[in-house]
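**Q** Listed in order, the protein sequences are those of chains A and B. If you read the first sequence in our numbering, its first letter stands for residue 37, the second for the next number, and so on. If you read the second sequence in our numbering, its first letter stands for residue 529, the second for the next number, and so on.
Careful: at least some of the hints might be erroneous.
To be verified - Think about it this way: if two alpha-carbon atoms lie no more than 20 Å apart in a straight line, the pair counts; the simulated SDA-like pairs of lysine to any residue are:
#1 534/B to 488/A
#2 534/B to 54/A
#3 534/B to 49/A
#4 740/B to 449/A
#5 483/A to 535/B
#6 483/A to 542/B
#7 483/A to 539/B
#8 303/A to 253/A
#9 747/B to 483/A
#10 755/B to 331/A
#11 483/A to 775/B
#12 747/B to 502/A
#13 755/B to 243/A
#14 755/B to 440/A
#15 534/B to 484/A
#16 698/B to 449/A
#17 303/A to 243/A
#18 530/B to 59/A
#19 698/B to 502/A
#20 483/A to 698/B
#21 649/B to 775/B
#22 530/B to 210/A
#23 534/B to 448/A
#24 530/B to 448/A
#25 534/B to 303/A
To be verified - Over the 10 Å line for every Cβ pair with chain A, so calculated as not near, a few chain B residues:
#26 845
#27 870
#28 874
It should be emphasised that the hints constitute simulated quantities derived from the structure, not laboratory data. Backbone N, C-alpha and C fix where the C-beta goes; we use that ideal spot for every residue, glycine too.
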Amino acid sequence: MQFTSLAYLGFFAAVFAVHWAVPQKARWAVCLAASAGFYALLGAPMLAVLALCIAISYLGGLWLQRRRGRRPALALALAAAAALAPLLFFKYFNTLLGAYAPESVRAFSLLTPVGISFFTFKAVAYLAEVYKGALPPCRHFGRYALYVSFFPEVSMGPIQRPGDLMAQIGTPRAFDAGRAVRGAQLMLWGYFEKLVVADNLAPYVSAGLDAPDLVMGLSVFLASVLYAVQLYADFAGYSHIAIGCMQLLGFDVPENFRAPYFSTSVKEFWNRWHISLSSWLRDYVYIPLGGSRCSTARCCVNLLITFLVSGLWHGTGLQFAVWGLLHGAYLAVGRLTVPARARLWRASHIPEQSAPARGLKILVTFVLVWFGWVFFRAPTLSGALHLFARMPDSFSLAPPALKNALAMLGFNSGMLIRVGFACALLCAVDFAARRTGFSAWLAGRRKWFQAALCYVLVLAILFLAPIGASPTPIYFQF
Amino acid sequence: MKRFLKILALFLAPVILLLGMFSLALVRSGELTPTADIEAAALNGGLELFGLAYRDDTRALKQAVANARGADVLVLGTSRSMQLRGAFFASDSFYNAGGGVAYISQAQVFLENMPPDARPKHLLLVLDQYFYNETWTSIEPEDSAALRPYTQPDAFYALRRALADYLDGKYSLLHVLGTQDGVYGMSAAGRGAGFYADGSYTYGTAVLHPEKSVDAEFKDTFQRIAKNTNRFEYGETPDAESLAQTEALLAFCARTGIEVTAFLPPYAPSVWQRMQETGQYGYIPATFAALETMFARYGFEVFDYSYLPETNDSQYVDGFHGSDRVYAALCARLAEDSLLLGAQFDSAALTALFTAQGNPLTVSLP
Numbered sequence: 037m038q039f040t041s042l043a044y045l046g047f048f049a050a051v052f053a054v055h056w057a058v059p060q061k062a063r064w065a066v067c068l069a070a071s072a073g074f075y076a077l078l079g080a081p082m083l084a085v086l087a088l089c090i091a092i093s094y095l096g097g098l099w100l101q102r103r104r105g106r107r108p109a110l111a112l113a114l115a116a117a118a119a120l121a122p123l124l125f126f127k128y129f130n131t132l133l134g135a136y137a138p139e140s141v142r143a144f145s146l147l148t149p150v151g152i153s154f155f156t157f158k159a160v161a162y163l164a165e166v167y168k169g170a171l172p173p174c175r176h177f178g179r180y181a182l183y184v185s186f187f188p189e190v191s192m193g194p195i196q197r198p199g200d201l202m203a204q205i206g207t208p209r210a211f212d213a214g215r216a217v218r219g220a221q222l223m224l225w226g227y228f229e230k231l232v233v234a235d236n237l238a239p240y241v242s243a244g245l246d247a248p249d250l251v252m253g254l255s256v257f258l259a260s261v262l263y264a265v266q267l268y269a270d271f272a273g274y275s276h277i278a279i280g281c282m283q284l285l286g287f288d289v290p291e292n293f294r295a296p297y298f299s300t301s302v303k304e305f306w307n308r309w310h311i312s313l314s315s316w317l318r319d320y321v322y323i324p325l326g327g328s329r330c331s332t333a334r335c336c337v338n339l340l341i342t343f344l345v346s347g348l349w350h351g352t353g354l355q356f357a358v359w360g361l362l363h364g365a366y367l368a369v370g371r372l373t374v375p376a377r378a379r380l381w382r383a384s385h386i387p388e389q390s391a392p393a394r395g396l397k398i399l400v401t402f403v404l405v406w407f408g409w410v411f412f413r414a415p416t417l418s419g420a421l422h423l424f425a426r427m428p429d430s431f432s433l434a435p436p437a438l439k440n441a442l443a444m445l446g447f448n449s450g451m452l453i454r455v456g457f458a459c460a461l462l463c464a465v466d467f468a469a470r471r472t473g474f475s476a477w478l479a480g481r482r483k484w485f486q487a488a489l490c491y492v493l494v495l496a497i498l499f500l501a502p503i504g505a506s507p508t509p510i511y512f513q514f
Numbered sequence: 529m530k531r532f533l534k535i536l537a538l539f540l541a542p543v544i545l546l547l548g549m550f551s552l553a554l555v556r557s558g559e560l561t562p563t564a565d566i567e568a569a570a571l572n573g574g575l576e577l578f579g580l581a582y583r584d585d586t587r588a589l590k591q592a593v594a595n596a597r598g599a600d601v602l603v604l605g606t607s608r609s610m611q612l613r614g615a616f617f618a619s620d621s622f623y624n625a626g627g628g629v630a631y632i633s634q635a636q637v638f639l640e641n642m643p644p645d646a647r648p649k650h651l652l653l654v655l656d657q658y659f660y661n662e663t664w665t666s667i668e669p670e671d672s673a674a675l676r677p678y679t680q681p682d683a684f685y686a687l688r689r690a691l692a693d694y695l696d697g698k699y700s701l702l703h704v705l706g707t708q709d710g711v712y713g714m715s716a717a718g719r720g721a722g723f724y725a726d727g728s729y730t731y732g733t734a735v736l737h738p739e740k741s742v743d744a745e746f747k748d749t750f751q752r753i754a755k756n757t758n759r760f761e762y763g764e765t766p767d768a769e770s771l772a773q774t775e776a777l778l779a780f781c782a783r784t785g786i787e788v789t790a791f792l793p794p795y796a797p798s799v800w801q802r803m804q805e806t807g808q809y810g811y812i813p814a815t816f817a818a819l820e821t822m823f824a825r826y827g828f829e830v831f832d833y834s835y836l837p838e839t840n841d842s843q844y845v846d847g848f849h850g851s852d853r854v855y856a857a858l859c860a861r862l863a864e865d866s867l868l869l870g871a872q873f874d875s876a877a878l879t880a881l882f883t884a885q886g887n888p889l890t891v892s893l894p
């Protein structure tokens, strides 16, 4: 059941009504039942995997506390390994099967449970927090199960921290109309991003990147740029819907995306893109490796390792490893060149914080990130290199060539206007909300503006969203 | 909570009103009318125009109406047979089941599905050239000869489509809200496009602005020819299986006493010329030669009207769909050429319709 289906809207409306109708102390049970139901719709074996992960990490938390003072690091490693085992099994089983198993056995490839990365990371974060003593182990199995499996977050995050979410589950609050309005607005924005921007772009991106030999080089290039927008709108949209749902149920969730394409450096980009995963990797991989409180060389290695882990988490193909290492290298180089870049700006006589300088930095950052997305999108490493090889073919930015390139992707003038409008609105709102995030930005506007923007979003969804089932969110595969 | 629900209700009220208007338009247009009711209207004289936009029951409906009417003269073919108007024929017992078949094999199925006493005395069969193209039949193998039941109207899907089409300027909301009785479907109500009671088809307002067509100046058709695709695949020899299916059809007609006249439908002259220039459509004359011999064996007749020199490009809706005018000219030809069906046509009257002043894509029927 995708968030974009009518069934989900009906399901959520029912959960919302029941959740607020029952006494406060029973609300967690409503949410847990809803989460179990939501996940069960994906199949009983999937629910069993989720339950296994919950049970392992729940017991692991209790065990960690009992082992306090007796080789706790080993206990954490064992508990975390047990919690991660289902993820590693499902993530890499099919790859190994495909690579080494005989043909007859390959048919037994397993369907990876949706959101397994996300709920596993939540479980590992919980174990790490218990280990650090920042959080007491949760003795209430039901509430802990809800923390791991809460239905808006279970399929694609955000990976909300245990200290934050479990505290909220444990202390039910009264209905807050302001928070609910903000949640509804954020959901609406998320639906716009997913249905109007991402889903409209999907066929054109596919036309250019799935069959690069059938289109001209410029088409491949344009499709790869559009992919950067599609991926963002798809993932951020789903995140915003999830956070909006959580807010409507009375829970606060930190922003997961904050205008990442307006970042002035790759470092800033990772502070704005999939924030919950970036901070998870920072806290549970980068810092344990030594973080930045070590020699510069070691710090650079830590960055490379952290992003390699991120890349390998996204997939087993070499292209993901390259993508991860590329971003690790960006950050390492960025760190190493701070003084040189400062000298360069001084020499240019352009103030580094001026609008032209920031614009240039945003452009350079986007180009670096786009370069990485090509690896991310390609089915294999050689596929990515082939995409790059196709791009210069008959490359020209002359209007007739541009027109041909767009036509080869399948654009007509009507669709170009629609997609252009959708992307422009996304860009404008992101730019306006780049400092505070969408919810806080909109809440700070006048009521009439809020209402007008919401109507624009509703009309865009009604009139511009492609007809038919919405494509599966890109991050479902991770 | 009350405050939130109040805000939500106030916000949603105009949205619901808007959706309500479009839903009402869908209801008024007859788009959501069950096809069984449209069939009933077609049989009791209550059908003026039938053009569903968001579901396609054409084949099943044509079969049902043809079965119930039992017309003496039955037209059978694809969209390239749909401009054959009842007014072109002398017989009042006429039905155009154009759109009732998409493959040659389906023609026999169509006739077999008819009650024996409802089968026509005379069948005018339109044989699209690509039926006999080996490449096309391999790319688009027949989906199913079995007749599908009527589809159920899907209100939500129709509403989504109606909103998108409105944005595309395909219809006026006010116009659709004022739909007359006897009109069924958004295409019919919004654009005047659909099937008349005699089963023939009108392109509605599309013929007023041919320059807005996706195939204006036959660009799309020329591309298909250049790209060797989409019913313009190259081919040299006729598809043996399709010829065998035609033979089986003729045998069935001979057995059941149905006289058959057939023709290969026309292409726009410049499209035909372009096809000839490629030298890649050898299967068409070869098909006709094979069909001519086959039809003659059963005492039936077939004509090759792939190229009608008396017509011009402006009289074609697209590269391979002639307008009413083209089919008036074609019927005038049949009046001269056909021994079996010629008496059905008034050659002079049809020529007058063909040569009359006015929009080259339409004819003024009495």
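**Q** Has the given pair, residue 534/B with residue 484/A, been kept, meaning a C-alpha gap of at most 20 Å?
**A** Given pair residue 534/B, residue 484/A holds - Cα atoms ~16 Å apart, limit 20 Å.
**Q** Is residue 303/A close enough to residue 253/A, meaning Cα to Cα at most 20 Å?
**A** Measuring from Cα to Cα gives roughly 31 Å; hence the hint is violated.
**Q** Would you assess whether residue 870/B, listed as outside the interface, keeps its beta-carbon beyond 10 Å of every beta-carbon in chain A?
**A** holds, 46 Å
**Q** With a cut-off of 20 Å on the C-alpha distance, tell me whether residue 483/A and residue 775/B pass.
**A** Measuring from Cα to Cα gives roughly 74 Å; hence the hint is violated.
**Q** Would you check the hint for residue 483/A and residue 535/B, treating anything up to 20 Å between C-alpha atoms as holding?
**A** holds, 11 Å
**Q** What's the verdict on residue 483/A and residue 542/B, does the C-alpha distance respect the 20 Å limit or exceed it?
**A** Since the Cα atoms of residue 483/A and residue 542/B sit roughly 17 Å apart, the hinted pair holds (cutoff 20 Å).
**Q** Is the Cα-Cα distance between residue 534/B and residue 54/A 20 Å or less?
**A** holds, 18 Å
**Q** Quick check for students: does the CB of residue 845/B sit more than 10 Å from each CB in chain A?
**A** holds, 20 Å
**Q** Given the hint that residue 483/A pairs with residue 698/B, does the C-alpha gap stay at or below 20 Å?
**A** At roughly 35 Å apart (the allowed maximum being 20 Å), residue 698/B and residue 483/A break the hint.
**Q** Non-interface claim for residue 874/B: all C-beta distances to chain A beyond 10 Å?
**A** Check passes; 44 Å lies beyond 10 Å.
**Q** Between residue 698/B and residue 449/A, does the CA-CA distance stay at or below 20 Å?
**A** This hinted pair holds, its Cα atoms lying about 16 Å apart.
**Q** Need the status of pair residue 755/B, residue 243/A: alpha-carbon distance at most 20 Å?
**A** holds, 18 Å
Checked against the numbered hints above, the structure breaks hints 8, 9, 10, 11, 12, 17, 20, 23, 24, 25 and satisfies the rest.
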